[in-house]
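Please construct the entire structure, taking both the sequences and the accompanying hints into account.
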Amino acid sequence: MTPADLVLTPRGVRFMGRILPCSIGKGGLSNLKREGDGATPTGIHQIVDMYFRPDRITRPTPWAKAIGPRDLWSDDSGDLAYNSHVRAPYGYSHECLRRADPLYDLVIVLNWNWPIAEPGRGSAIFIHQWRRPGYPTEGCIALSRPVLHWLAARVRPCSQVIVAG
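For the record, in the sequence shown the residue sitting at position 1 is 1 according to my numbering, with numbers rising by one throughout.
There's no promise every hint is true.
[Claimed, not checked] Here are the in silico distance ranges between beta carbons for each label pair:
{"#": "1", "residue 1": "Arg11", "residue 2": "Ser93", "range": "30 to 40 Å"}
{"#": "2", "residue 1": "Arg121", "residue 2": "Ala153", "range": "45 to 55 Å"}
{"#": "3", "residue 1": "Cys96", "residue 2": "Gly17", "range": "17 to 27 Å"}
{"#": "4", "residue 1": "Pro89", "residue 2": "Leu32", "range": "26 to 36 Å"}
{"#": "5", "residue 1": "Arg87", "residue 2": "Arg18", "range": "32 to 42 Å"}
{"#": "6", "residue 1": "Glu118", "residue 2": "Ile57", "range": "26 to 36 Å"}
{"#": "7", "residue 1": "Arg132", "residue 2": "Ile57", "range": "18 to 28 Å"}
Hint data in this document are derived by calculation from the structure and do not stem from the laboratory.
Here a beta-carbon is modelled for each residue, glycine too, at the ideal position from N, C-alpha and C.
Encoded structure:
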């Protein structure tokens, strides 16, 4: 473990000597993550990507990718592209990355069940903006907008996110 790792603790995410208040999945932590269970998966995850809404925020880091109107995330376990970035039009169940609310204005993608996804094991574990303090997610880790932006400017691809069960 290094100071550059993100470590989920009962008080929040520890990163670079700070504790960042966060929300986790409404299903709590799970060693047996399944699609739709609302749980945050335990384990050591890697940051593999970052997306941002260029119509709402500036690029937080040079490696962040812009979210456009056709950007989606497949959450259909019967889809060959399950748990990956896809583009509209798309015939399988998916989540829109370009949302009306600000939750996905900045999204840090973890390698949960990726790059070769096991059907039904869960998709789209992101670090994103929370609705409000303490409001649970569908399995992601959520932070306040200012904290998320602070974090995004400092993390790197392959930074570890440690979620102990």
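*Hint by hint, which ones does the structure fall short of?*
2 and 3
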